[in-house]
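Asks: The opening position of the sequence shown corresponds to residue 1 in UniProt numbering, with each subsequent residue numbered one higher.
Treat the hints loosely; a few may be bogus.
Unchecked claim - Straight-line distance between alpha carbons at most 20 Å, and here's what the computed SDA-like set of lysine to any residue pairs gives:
#1 Lys12 to Glu69
#2 Lys150 to Gly75
#3 Lys9 to Gly30
#4 Lys114 to Gly80
#5 Lys9 to Glu91
#6 Lys9 to Ala68
#7 Lys150 to Thr119
#8 Lys9 to Gly67
#9 Lys150 to Gly136
#10 Lys9 to Ile54
#11 Lys9 to Arg49
#12 Lys9 to Ala77
#13 Lys9 to Glu87
#14 Lys150 to Glu87
#15 Lys150 to Val78
#16 Lys9 to Val50
#17 Lys12 to Glu87
#18 Lys114 to Gly75
#19 Lys150 to Arg133
#20 Lys12 to His40
#21 Lys9 to Lys114
#22 Lys12 to Arg49
#23 Lys12 to Gly41
#24 Lys150 to Gly80
#25 Lys114 to Gly30
#26 Lys150 to Glu91
#27 Lys114 to Glu69
#28 Lys12 to Glu81
Hints are computed from structural coordinates only; laboratory data are not their basis.
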Amino acid sequence: MITMTVNGKVRKGLAEPRLLLTDFIRHELGLTGTNVGCEHGACGACTIRVNGQIVRSCIMLAVQADGAEVETVEGIAVNGEFSPLQEAFHEEHGLQCGFCTPGMLMTAQVLLDKNPDPTEAEIRDHMSGNICRCTGYQGIINSVRCAARKLQQNSTADPATNGSAR
Numbered sequence: 001m002i003t004m005t006v007n008g009k010v011r012k013g014l015a016e017p018r019l020l021l022t023d024f025i026r027h028e029l030g031l032t033g034t035n036v037g038c039e040h041g042a043c044g045a046c047t048i049r050v051n052g053q054i055v056r057s058c059i060m061l062a063v064q065a066d067g068a069e070v071e072t073v074e075g076i077a078v079n080g081e082f083s084p085l086q087e088a089f090h091e092e093h094g095l096q097c098g099f100c101t102p103g104m105l106m107t108a109q110v111l112l113d114k115n116p117d118p119t120e121a122e123i124r125d126h127m128s129g130n131i132c133r134c135t136g137y138q139g140i141i142n143s144v145r146c147a148a149r150k151l152q153q154n155s156t157a158d159p160a161t162n163g164s165a166r
């Protein structure tokens, strides 16, 4: 039995020693937003945060996350509403089939948390570990830039938001 805090809620489940974190999240916890793509950590579809660090959950064992704070794409929404980042992906056509989108959102969120006003080059560099086979990436880049603008507008309108991407 392992225990972790997932998107702010304490969750428990059974995990065999070799069970991957993606499989634990999807099958044991029922959070299917985290996708399994390459199963080698190369595509980024399974990107989540563990203790604030971005990780590829397809190459991490579930038991390694015992006691950890885990954030998945399901935790990005704010009070059941799209976050500014999710709104921007919708508005700027940052997704097509949607398979890579959870990993893209998690990766972009980390960037915006660290750098609320990234340049296009910084966005491209940060997002370069995530593969999308549909969009050609320009919509994704535009989405991250749009989200940065939204977050800046929100932080000047409401200092309590502190520029957070969530």
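Asks: Would you mind marking each hint as holding or not holding in the structure?
Replies: To see whether the hints hold, each was checked on the structure:
With a C-alpha separation of about 12 Å, the suggested pair Lys12 and Glu69 falls inside the 20 Å cut-off, and the hint holds. With a CA separation close to 19 Å, the supplied pair Lys150 and Gly75 stays within the 20 Å bound. At most 20 Å may separate the alpha-carbon atoms for a hinted pair to count; Lys9 and Gly30 meet this at roughly 14 Å. For the hint linking Lys114 to Gly80, the alpha-carbon distance of about 24 Å lies beyond 20 Å, and the restraint is violated.
Taken as a hint, the Lys9 and Glu91 pair is broken in the structure, with Cα atoms around 30 Å apart against an allowance of 20 Å. For a cut-off of 20 Å, the pair hint linking Lys9 to Ala68 stands: about 11 Å separates their Cα positions. Proximity of Lys150 to Thr119 is assessed by CA-CA distance (about 15 Å); at most 20 Å being required, the pair is judged to hold. The straight-line distance between the Cα atoms of Lys9 and Gly67 is roughly 12 Å, inside the 20 Å bound, and the hint therefore holds.
Among the hinted pairs, Lys150 with Gly136 is inconsistent with the structure: their alpha-carbon atoms are about 23 Å apart, more than 20 Å. Of the pairs offered as hints, the one joining Lys9 and Ile54 holds, with about 19 Å between alpha carbons and a cut-off of 20 Å not exceeded. Taking the CA atoms of Lys9 and Arg49, the gap is about 14 Å. The hint holds against a cut of 20 Å. Note on Lys9 and Ala77: the hinted pairing holds, with a Cα-Cα distance of about 14 Å set against a maximum of 20 Å.
Between Lys9 and Glu87 the CA atoms are separated by roughly 24 Å; this puts the pair beyond 20 Å, and the hint is violated. The straight-line distance between the Cα atoms of Lys150 and Glu87 is roughly 9 Å, inside the 20 Å bound, and the hint therefore holds. Of the supplied pair hints, the one linking Lys150 and Val78 holds, its CA atoms being roughly 14 Å apart against a limit of 20 Å. Distance check on the hinted pair: Lys9 and Val50 sit about 14 Å apart at the alpha-carbon level, within 20 Å; holds.
Proximity of Lys12 to Glu87 is assessed by CA-CA distance (about 31 Å); at most 20 Å being required, the pair is judged violated. Proposed proximity of Lys114 and Gly75 is supported: the alpha carbons are some 18 Å apart, at most 20 Å. Simply put, Lys150 and Arg133 have alpha-carbon atoms about 27 Å apart, too far for the 20 Å limit, and the pair is violated. At most 20 Å may separate the alpha-carbon atoms for a hinted pair to count; Lys12 and His40 exceed this at roughly 26 Å.
Distance check on the hinted pair: Lys9 and Lys114 sit about 24 Å apart at the alpha-carbon level, beyond 20 Å; violated. Among the hinted pairs, Lys12 with Arg49 is consistent with the structure: their alpha-carbon atoms are about 18 Å apart, no more than 20 Å. This hinted pair does not check out: Lys12 and Gly41 have alpha carbons roughly 25 Å apart, beyond 20 Å. Between Lys150 and Gly80 the alpha-carbon distance is near 18 Å, which keeps this suggested pair within the 20 Å criterion.
A hinted pair counts as satisfied when its Cα atoms are at most 20 Å apart, and Lys114 with Gly30 does not qualify at roughly 30 Å. With a C-alpha separation of about 12 Å, the suggested pairing of Lys150 with Glu91 holds against the 20 Å cut-off. Between Lys114 and Glu69, the direct Cα distance comes to roughly 18 Å. Compliance with the 20 Å bound is thereby established for this hinted pair. For the given pair, Lys12 sits about 26 Å from Glu81 by alpha-carbon distance, which is inconsistent with the 20 Å threshold.
Violated hints, listed in ascending order, are 4, 5, 9, 13, 17, 19, 20, 21, 23, 25 and 28; each of the other numbered hints is respected by the structure.
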